[in-house]
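Number of protein chains: 2
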Amino acid sequence: MPVPEVETSLDPAIADRLKRTADGLVAAIVQEHGTGDVLMLAWMDDEALHRTLTTGRATYWSRSRGEYWVKGATSGHVQHVKKVSLDCDGDALLVTVEQIGAACHTGTHTCFTDDLEMR
Amino acid sequence: MPVPEVETSLDPAIADRLKRTADGLVAAIVQEHGTGDVLMLAWMDDEALHRTLTTGRATYWSRSRGEYWVKGATSGHVQHVKKVSLDCDGDALLVTVEQIGAACHTGTHTCFTDDLEMR
Chain A
1 MPVPEVETSL DPAIADRLKR TADGLVAAIV QEHGTGDVLM LAWMDDEALH RTLTTGRATY
61 WSRSRGEYWV KGATSGHVQH VKKVSLDCDG DALLVTVEQI GAACHTGTHT CFTDDLEMR
Chain B
1 MPVPEVETSL DPAIADRLKR TADGLVAAIV QEHGTGDVLM LAWMDDEALH RTLTTGRATY
61 WSRSRGEYWV KGATSGHVQH VKKVSLDCDG DALLVTVEQI GAACHTGTHT CFTDDLEMR
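Heads up: the sequence lines are chains A and B, in that order.
Heads up: the first sequence at position 28 corresponds to 28 in full-length UniProt numbering, and the numbers run straight through without jumps.
Heads up: the second sequence at position 31 corresponds to 31 in full-length UniProt numbering, and the numbers run straight through without jumps.
Just so you know, the hints here were simulated from the structure itself, not pulled from any lab data.
In this text, a Cβ means the ideal position worked out from N, Cα and C, and glycines have one as well.
Be aware that one or more of the hints could be misleading.
[Claimed, not checked] Facing chain B, from chain A, some residues (calculated, C-beta under 8 Å):
hint, residue
1, LEU53
2, THR54
3, ALA73
All chains should be built: construct the whole structure from the sequences, respecting the hints.
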């Protein structure tokens, strides 16, 4: 589901550095401050990034629900954002957060619990 | 650039759990073993995942070049894979690696060097 055409106040100096998918999104890797655990992968459009940077609360674009999603708004498992870094080619963000409660909607600390067999 | 229709030997039990983009890809977050540093974000199709799991050398699909890419094949900055984990909804992988040299093609340790201002 493509993101809506919303007016955004994202700093143009940042917006110019983003390389978005055809749907207008940038991948957001979420890492826990302190432990370094990678908690989840989510997606942001310009407006979600603007809200994340200005409110300090991690805000994503939900591709399945087609809406903005303040992490923890219903579960209470909020993410207080300590830092947001952009990668070298502008298509991925690293969001460092203080995670309250479980990051995963399944109730686990991280979403990456399914280890694949190597051989 | 969509991935080619290649025969792949990826274990069907794994392939069944993947939720791919329209281009047939799954995001691969690369984290350094030991330090926990998030190094880069890359992409894998089924065959790249198969090669990664069976060779122990991180192998991606290059969207810009339209080809498989064994990380470090030309630079020497290879990634020895310690673990690959799939996330709860099957659209992201966490690849834990021993990184030789710089992970980023710019020569820096990680690709996430551009810290965005929060306010």
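Comparing the hints with the structure gives:
no., hint, in the structure
1, LEU53, "holds, 5 Å"
2, THR54, "holds, 6 Å"
3, ALA73, "violated, 19 Å"
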